[in-house]
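Sequence order for the protein chains is A and B.
So in the numbering used here, spot 363 of the first sequence is number 858, and the numbers just go up one at a time.
So in the numbering used here, spot 94 of the second sequence is number 144, and the numbers just go up one at a time.
Calculated from the structure, these hints are not laboratory results.
Accuracy of the hints is not assured; some may be wrong.
[Unchecked claim] No more than 16 Å apart at the CA atoms, straight line, and that leaves these computed lysine to aspartate or glutamate pairs for EDC-like:
(1) A:Lys876 x B:Glu82
(2) A:Lys876 x B:Asp79
(3) A:Lys906 x A:Asp641
(4) B:Lys68 x B:Glu82
(5) A:Lys534 x A:Asp641
(6) A:Lys589 x A:Glu845
(7) A:Lys752 x A:Glu783
(8) A:Lys876 x B:Glu106
(9) B:Lys68 x B:Asp79
[Stated by the list, open to error] On the chain A side, residues computed to face chain B include the following (Cβ under 8 Å):
(10) Ala724
(11) Pro730
(12) Leu840
(13) Tyr870
(14) Leu872
The structure displayed is predicted, hence computed values, not measured ones.
Ideal Cβ placement from N, Cα and C applies to all residues, glycine included.
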Amino acid sequence: MDPTRLTVREAHDLLVRRQLSSLELTRAALARAHALDEKLHAFVTFSDELALEQARRADERLARGDSVGPLTGIPFAAKDCLSTRGVRTTCSSKILENYVPPYNATVVDRLDEAGAVLIGKHNMDEFGMGSSCENSAFFPTRNPWDLERVPGGSSGGSAAAVAAGLGAFALGEDTGGSIRMPAGFCNVTGLKPTYGRVPRYGLIALVSSFDSIGPLGREVEDCAAVLQAIAGRDPRDATSLDAPVPDYLAGMQKPVKGLRLGIPKEYFAAGIQPGVEAALRAAIRQFEGLGMEIHEVSLPHTRYALAVYYLLLFAEASANLARFDGVRFGLAAGQGAENVIDLFLQTRREGFGPEVKRRIMLGAYVLSAGYYDAYYLKAQKVRTLLRQDFAAAFGQVDALLAPVCPTTAFKLGEKLDDPLTMYLSDIHVVATNPAGVPALSLPCGFADGLPVGMQLIGPQLSEDRLFQIGHAYQAATDWHTLRPPIDGGAA
Amino acid sequence: MAEPKPKAAGSIDTEMVKHVASLVRLGLDEDEARRFSGQFAEILDYFRLLNAVDTEDVPPASEQPAVRNVTRPDEVRPSLPRDEFLSNVPHAEGPFVRVPNVFDEE
Chain A
496 MDPTRLTVRE
506 AHDLLVRRQL
516 SSLELTRAAL
526 ARAHALDEKL
536 HAFVTFSDEL
546 ALEQARRADE
556 RLARGDSVGP
566 LTGIPFAAKD
576 CLSTRGVRTT
586 CSSKILENYV
596 PPYNATVVDR
606 LDEAGAVLIG
616 KHNMDEFGMG
626 SSCENSAFFP
636 TRNPWDLERV
646 PGGSSGGSAA
656 AVAAGLGAFA
666 LGEDTGGSIR
676 MPAGFCNVTG
686 LKPTYGRVPR
696 YGLIALVSSF
706 DSIGPLGREV
716 EDCAAVLQAI
726 AGRDPRDATS
736 LDAPVPDYLA
746 GMQKPVKGLR
756 LGIPKEYFAA
766 GIQPGVEAAL
776 RAAIRQFEGL
786 GMEIHEVSLP
796 HTRYALAVYY
806 LLLFAEASAN
816 LARFDGVRFG
826 LAAGQGAENV
836 IDLFLQTRRE
846 GFGPEVKRRI
856 MLGAYVLSAG
866 YYDAYYLKAQ
876 KVRTLLRQDF
886 AAAFGQVDAL
896 LAPVCPTTAF
906 KLGEKLDDPL
916 TMYLSDIHVV
926 ATNPAGVPAL
936 SLPCGFADGL
946 PVGMQLIGPQ
956 LSEDRLFQIG
966 HAYQAATDWH
976 TLRPPIDGGA
986 A
Chain B
51 MAEPKPKAAG
61 SIDTEMVKHV
71 ASLVRLGLDE
81 DEARRFSGQF
91 AEILDYFRLL
101 NAVDTEDVPP
111 ASEQPAVRNV
121 TRPDEVRPSL
131 PRDEFLSNVP
141 HAEGPFVRVP
151 NVFDEE
């Protein structure tokens, strides 16, 4: 048995039966991660020492048999925008290259309490700004299905690592597809929860009104176990929701017969790669076979979602990134600065990459006097219409099914010099974040040897329903069980 | 519905790019400013797509719907110890954060 191929549930079963120790599991994950990362570049930092200590503590808990949960002793890694006490947290930016947080993000604390084992931090597009993981200031991450292709972004390191078995699951973050798109490109399962379902304390913010922390795993059940551990109100995040957290693992087992699945016609319009559409059509037939009712629905403002999303992103990001000024933390630039403005200029010139600069400037521009109404206010109004689209659709159906991306993973460098073309690859994943609704990304087939992802979108706080539908699909199909040929062997 | 024709992009010249860069405290070189000005024009043109949407009676959605105002008791609680805070400060000196002149010498 190769412990790095186990799902969270399989590993948990062996751990509680004492047929495998967390230390063995963690050592195997670390060894594989160190070896394969030379090809994949999914990690910015490894935390071997912390991991081995956490694994020993988990083994003590397992030996005593008390307070053992589904994640106790399970190795994982977190996207590098999540603060980890004593473990470098860079956002894949030069400006934070040597930043070591003095506190944990709430989600990191909660996984520590659950007994999970942190093996490292995942590469990402700098500050989450990108769709390919090529905007990392350090190195691009490769797609384990084809090393010449991108893993998607911005949680590209997380998706590549989970696909390749470098840790059993990952904590990612989704501002406008950043969990779902790489999950789709790498054949893993990923959830963008309802806005506010998971507290953001300790997350280095990109867009405070969109950012959603969520799990990536090899199957729905693993994602449900992780959400169970990280969801729920935290007083340190005033926007986190007080709503009770349901028992996701129990709710997931319910049959889906009779549930209504909506197919938004706008997501199947021209421009979708034929192999992607074929995989989605096959999935629709699968859901029909599971007894679900299929309805065509319309989300009429879909074509405006990308403009709304990027406009609001630029605006909020430019404000959020103002804190990186070289005074309290971050890059030690500006040694010879004559005044404080000069210090800011030098720190930010050396510390930020081109995409970050682009977005900060565009954000300041669309918020500036004379343009505010035409750009920012207009986008906030159309955002209301996007929300109304979803509300109307969820009056007719229980969930929506859509492709994650119109294409499969593209080649490294293909879109890097053309920002607008890169933005357009997010066209199917951005509407959910301004609306605040949850979406679950699932593997649903292959086109020309590359994974195809689909997403189930539900109304606010319907994660239990999305897990239920996704679990029924994975019980009937085996796409999610296919592994990339990264070892040189067969998938 | 017809696609709205993007207007000619002339408003984002390199001078404007440099002006915005100085407002957000970003140092840019001439090359970057030139490259950004072309890209900004293209991206801002794309946003003009929104002009086609009638938002006459639509209120802006400035916050997430499920979240209301949240307050907490105004109580003193422990804050980060000074040493831990200073460990990330790029230019620390003793117990202080060192910065260059804030005001011009007159």
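Against the structure, the hints come out as follows:
1. Restraint check for Lys876 (chain A) and Glu82 (chain B): not satisfied, since their Cα atoms lie roughly 33 Å apart, outside the 16 Å limit.
2. At roughly 36 Å between alpha-carbon atoms, Lys876 (chain A) and Asp79 (chain B) are farther apart than 16 Å, so this suggested pair is violated.
3. Straight-line distance between C-alpha atoms of Lys906 (chain A) and Asp641 (chain A) comes to about 9 Å, which keeps the hinted pair within the 16 Å bound.
4. Only pairs whose Cα atoms come within 16 Å are accepted, and Lys68 (chain B) paired with Glu82 (chain B) is accepted, the gap being roughly 10 Å.
5. Our distance criterion of 16 Å between C-alpha atoms is met by Lys534 (chain A) and Asp641 (chain A), whose separation comes to about 11 Å.
6. With a CA separation close to 8 Å, the supplied pair Lys589 (chain A) and Glu845 (chain A) stays within the 16 Å bound.
7. Restraint check for Lys752 (chain A) and Glu783 (chain A): the C-alpha separation of about 9 Å stays at or below 16 Å, so the hint holds.
8. As the CA atoms of Lys876 (chain A) and Glu106 (chain B) are separated by approximately 9 Å, the hinted pair is consistent with the 16 Å bound.
9. As the CA atoms of Lys68 (chain B) and Asp79 (chain B) are separated by approximately 9 Å, the hinted pair is consistent with the 16 Å bound.
10. Because the smallest distance between the Cβ of Ala724 (chain A) and any Cβ of chain B comes to about 21 Å, over 8 Å, the interface hint for this residue is violated.
11. Because the closest C-beta pair between Pro730 (chain A) and chain B is about 6 Å apart, less than 8 Å, the hint holds.
12. For Leu840 (chain A), the interface hint holds, since its Cβ comes within 8 Å of a Cβ in chain B; the closest pair sits about 4 Å apart.
13. Evaluation of the Tyr870 (chain A) hint against chain B yields a held restraint, the C-beta minimum of about 6 Å falling below 8 Å.
14. Because the smallest distance between the Cβ of Leu872 (chain A) and any Cβ of chain B comes to about 6 Å, under 8 Å, the interface hint for this residue holds.
Hints 1, 2 and 10, counting from the list given before, are not met by this structure.
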